[in-house]
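Quick note, the sequences are listed as chains A and B, same order.
The numbers in full-length UniProt numbering rise by one with no breaks, and the one at position 201 of the first sequence is 201.
The numbers in full-length UniProt numbering rise by one with no breaks, and the one at position 55 of the second sequence is 55.
Just so you know, nobody snuck in bad clues.
Note: identical chains are not told apart, hence a pair may lie in one copy or across any two.
SDA-like cross-link-like pairs, simulated, lysine to any residue; straight-line CA separation at most 20 Å:
{"hint": "1", "residue 1": "K138", "residue 2": "I188"}
{"hint": "2", "residue 1": "K138", "residue 2": "D101"}
{"hint": "3", "residue 1": "K435", "residue 2": "D156"}
{"hint": "4", "residue 1": "K138", "residue 2": "I191"}
{"hint": "5", "residue 1": "K117", "residue 2": "E421"}
{"hint": "6", "residue 1": "K88", "residue 2": "Q39"}
{"hint": "7", "residue 1": "K117", "residue 2": "R31"}
{"hint": "8", "residue 1": "K138", "residue 2": "D156"}
{"hint": "9", "residue 1": "K138", "residue 2": "H190"}
{"hint": "10", "residue 1": "K117", "residue 2": "P207"}
{"hint": "11", "residue 1": "K117", "residue 2": "S69"}
{"hint": "12", "residue 1": "K117", "residue 2": "Q39"}
{"hint": "13", "residue 1": "K117", "residue 2": "D167"}
{"hint": "14", "residue 1": "K435", "residue 2": "I188"}
{"hint": "15", "residue 1": "K279", "residue 2": "N289"}
What the hints contain is simulated information worked out from the structure, not anything from laboratory work.
If you want the building blocks of each chain, they are given just below.
There are 2 protein chains.
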Amino acid sequence: MSKRQLSLNLFVYPNGHHEAGWRYEGSEPERVLDISFYQDLAKKAEAAKFDALFFADALALPDNIRWASRFRLEPITWMAALAAVTEKIGFIGTASTTYFDPFNLARLFSSLDHLSKGRIGWNIVTTSIDYAAQNYSKDSHPVHADRYARAHEFLDVVTRLWDSWEDEAVVNDVPSGIFADDEKIHEINHIGENFRIRGPLNLPRSPQGRPVYVQAGSSPDGRAFAALHAEAIFTAHQTIESAQEFYGDIKKRAAANGRDPSQVRILPGISPYIGSTEKEANDLLDEFNDLTQLEYSLTHLRRRIGVDLSGYDLDGPVPRHLIPTEGDLTEITRFKLIVGIIDREKPTIRQLMHKLAGARGHFVFAGTPEQIADKIQSWFENGAADGFNIMPPYLPGGIEVFISEVVPILRKRGLFREDYEGNTLRSHFGLDRPKSLYSEAQRKSA
Amino acid sequence: MSKRQLSLNLFVYPNGHHEAGWRYEGSEPERVLDISFYQDLAKKAEAAKFDALFFADALALPDNIRWASRFRLEPITWMAALAAVTEKIGFIGTASTTYFDPFNLARLFSSLDHLSKGRIGWNIVTTSIDYAAQNYSKDSHPVHADRYARAHEFLDVVTRLWDSWEDEAVVNDVPSGIFADDEKIHEINHIGENFRIRGPLNLPRSPQGRPVYVQAGSSPDGRAFAALHAEAIFTAHQTIESAQEFYGDIKKRAAANGRDPSQVRILPGISPYIGSTEKEANDLLDEFNDLTQLEYSLTHLRRRIGVDLSGYDLDGPVPRHLIPTEGDLTEITRFKLIVGIIDREKPTIRQLMHKLAGARGHFVFAGTPEQIADKIQSWFENGAADGFNIMPPYLPGGIEVFISEVVPILRKRGLFREDYEGNTLRSHFGLDRPKSLYSEAQRKSA
Numbered sequence: 001m002s003k004r005q006l007s008l009n010l011f012v013y014p015n016g017h018h019e020a021g022w023r024y025e026g027s028e029p030e031r032v033l034d035i036s037f038y039q040d041l042a043k044k045a046e047a048a049k050f051d052a053l054f055f056a057d058a059l060a061l062p063d064n065i066r067w068a069s070r071f072r073l074e075p076i077t078w079m080a081a082l083a084a085v086t087e088k089i090g091f092i093g094t095a096s097t098t099y100f101d102p103f104n105l106a107r108l109f110s111s112l113d114h115l116s117k118g119r120i121g122w123n124i125v126t127t128s129i130d131y132a133a134q135n136y137s138k139d140s141h142p143v144h145a146d147r148y149a150r151a152h153e154f155l156d157v158v159t160r161l162w163d164s165w166e167d168e169a170v171v172n173d174v175p176s177g178i179f180a181d182d183e184k185i186h187e188i189n190h191i192g193e194n195f196r197i198r199g200p201l202n203l204p205r206s207p208q209g210r211p212v213y214v215q216a217g218s219s220p221d222g223r224a225f226a227a228l229h230a231e232a233i234f235t236a237h238q239t240i241e242s243a244q245e246f247y248g249d250i251k252k253r254a255a256a257n258g259r260d261p262s263q264v265r266i267l268p269g270i271s272p273y274i275g276s277t278e279k280e281a282n283d284l285l286d287e288f289n290d291l292t293q294l295e296y297s298l299t300h301l302r303r304r305i306g307v308d309l310s311g312y313d314l315d316g317p318v319p320r321h322l323i324p325t326e327g328d329l330t331e332i333t334r335f336k337l338i339v340g341i342i343d344r345e346k347p348t349i350r351q352l353m354h355k356l357a358g359a360r361g362h363f364v365f366a367g368t369p370e371q372i373a374d375k376i377q378s379w380f381e382n383g384a385a386d387g388f389n390i391m392p393p394y395l396p397g398g399i400e401v402f403i404s405e406v407v408p409i410l411r412k413r414g415l416f417r418e419d420y421e422g423n424t425l426r427s428h429f430g431l432d433r434p435k436s437l438y439s440e441a442q443r444k445s446a
Numbered sequence: 001m002s003k004r005q006l007s008l009n010l011f012v013y014p015n016g017h018h019e020a021g022w023r024y025e026g027s028e029p030e031r032v033l034d035i036s037f038y039q040d041l042a043k044k045a046e047a048a049k050f051d052a053l054f055f056a057d058a059l060a061l062p063d064n065i066r067w068a069s070r071f072r073l074e075p076i077t078w079m080a081a082l083a084a085v086t087e088k089i090g091f092i093g094t095a096s097t098t099y100f101d102p103f104n105l106a107r108l109f110s111s112l113d114h115l116s117k118g119r120i121g122w123n124i125v126t127t128s129i130d131y132a133a134q135n136y137s138k139d140s141h142p143v144h145a146d147r148y149a150r151a152h153e154f155l156d157v158v159t160r161l162w163d164s165w166e167d168e169a170v171v172n173d174v175p176s177g178i179f180a181d182d183e184k185i186h187e188i189n190h191i192g193e194n195f196r197i198r199g200p201l202n203l204p205r206s207p208q209g210r211p212v213y214v215q216a217g218s219s220p221d222g223r224a225f226a227a228l229h230a231e232a233i234f235t236a237h238q239t240i241e242s243a244q245e246f247y248g249d250i251k252k253r254a255a256a257n258g259r260d261p262s263q264v265r266i267l268p269g270i271s272p273y274i275g276s277t278e279k280e281a282n283d284l285l286d287e288f289n290d291l292t293q294l295e296y297s298l299t300h301l302r303r304r305i306g307v308d309l310s311g312y313d314l315d316g317p318v319p320r321h322l323i324p325t326e327g328d329l330t331e332i333t334r335f336k337l338i339v340g341i342i343d344r345e346k347p348t349i350r351q352l353m354h355k356l357a358g359a360r361g362h363f364v365f366a367g368t369p370e371q372i373a374d375k376i377q378s379w380f381e382n383g384a385a386d387g388f389n390i391m392p393p394y395l396p397g398g399i400e401v402f403i404s405e406v407v408p409i410l411r412k413r414g415l416f417r418e419d420y421e422g423n424t425l426r427s428h429f430g431l432d433r434p435k436s437l438y439s440e441a442q443r444k445s446a
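With the hints as extra help, turn the sequences into a complete structure.
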């Protein structure tokens, strides 16, 4: 058996992850909606043998749009247009179980998996920003528990829809005139709290059977959900200890659910600032932080910790006593992470804003290519990660330098593939292709 | 001013429009979900300077899947993957106002229009098949009037969302750090019977301002809706007289609504069977009809006219007295069209099934390339059509022969473009780019 291999995703964010990335000289902010810009990125990541591109999403425009390009192409259409010009790399797109309809979502992702020939993952979210509700005719954003209850039922339904055609259902027998064996196409006849759906899906089973199930919530409900359903988990940690705790907990919960823990890939985010010396890397990070805009940063901070610090001395300490003991429950995990930074590092308000400017609470690391490769290797080999979501501060340069400087080191150390072994995202992640719940073999073994 | 020009769309249907198209020797049924098959088609249609590819949709699997490939890739993802490999041709995709959420639909189509750089049209449907409701947690399919009431409100909402960023809202000024002029980004604050939506959309205004509004219903409600909103109309007629009545009625209604009738393109469907002689063309049509399967054809007929004729002599007359005076109201227009065929042509049951096998009630015409060009020219020049949706009986050959044999004749006669004049679907159709409802100029002129 070959050595355990890292997964590397490129997390595509408009103009890069640093909130002022669009102002950096190597950035191309005028191309933020130009599909050819992302097609070039996808081809570069594929040439470097990355597992996948990852796309976040938001269902409402944030109120600080004046200061940065905080919008994006819609992930489902975006992935389709990138899959069309690539052959191997995967695409993981975010879509909400709270604000999508399960039949529509099942169809969109099945179609994506068909047209990409098996390279799609679904990042399953319940949507944390509460003002999304106002774009969806709802009186209020559902509370955490209700969102997760709906998400569990949603997963059950779409899984059955994706499985509703057995793999052998399409016969395509021209002489007899029989196109499909309709005994292998199943109504799902779901009747639940949130949904009533007959099925079958109006598409045959897709190349991967189902898209890869990806998840990114780290709340207690999120962890329970991930341990049941997720095949890859995107997660934010500031320290290896925190990542190790998460990694161990998820793998243990998955095993307790009767799952093979190797079938759950854990992928923390890392935003790398790369210099030929440590000083050069730190100077680069400073250069980005000098481009931040106070109004944007303060708004972002207020949204994350629930208190407006605009009247305070920015170079003084964070007024810890003003911060509520519990933030808005919809983003409690990120709130706790930020409070952890405050308690551990005692930053000034400005330092805290800069800390969050890089990647909204994800791990920001400035160093030489060797230092970054060391950090990745250390987390990978010490029970903290199966791979990483790479979050470049700006685009396209931020990922180009990672590919040209860091990837060769990882490859030399035997940690990252020389070439793809297969053609699907499941293959890149080392995940099994699931049998249909309705297949005879599956019914017998159940 | 140059001579009035035809529009030509390729209406892409799985394996072609004839219900037995997948069994024809030139067909490639094993590629019905292979995106490269459709990418080749799109490139061929673009090389021939077609206006657009047109995609129908259905939100549930029909019950005669055993006998034909009556499913398709999902149109939104499908269009994105085709736009990615073409530069000029447009794409018109069907999506339902009854079973989509307006914010999700507005975003998906805005994203499509951005990534295609202005080549997208939306075929607005309210969904006619009633069993779709069972895939969407509804007790029953809403009645015609309720569907159209929702559709009107839906159109109002998505129009405002697409207009919610004025064209000049993105400033992208790196030195000042101002990314967007937020005074040019507007909440829509819609509160209606069906929807409550704050907005703005989380994407800037798209290249065409709004996707092209396309419509395909010919019921009284459908005509009223089209005359208010549609910029292109796809319609089914068996005779030039019927098409002329429709054409005249719609243009008159549009004018009565204060619209320029030239801004409403009327595009009947035509399914051409092409032979080097008239006999060869008719033999080709017979060859297709010989491939039909009785079970499929009878099921289709039952669904269209509301009565099961499987116990009757197929070579005897259609038992006219058994047919209800009014069909299921959700498809009343197509029902009336079929009753019209029965009363006008007095076909046997088998002849009627063959008539519908070609294109489900659309105009099927067998002839030489000259005869087909004559027919197109006659409808175009006599107030029956501004262009056509070409519905090839099988793929890819059915469109290849149209392009190689019929298009050059139309071009020689000065009826069809030698090359594209612009890069957007609005340009191909000769449609204006609408101003944003929220723009200052628009507000002043209103």
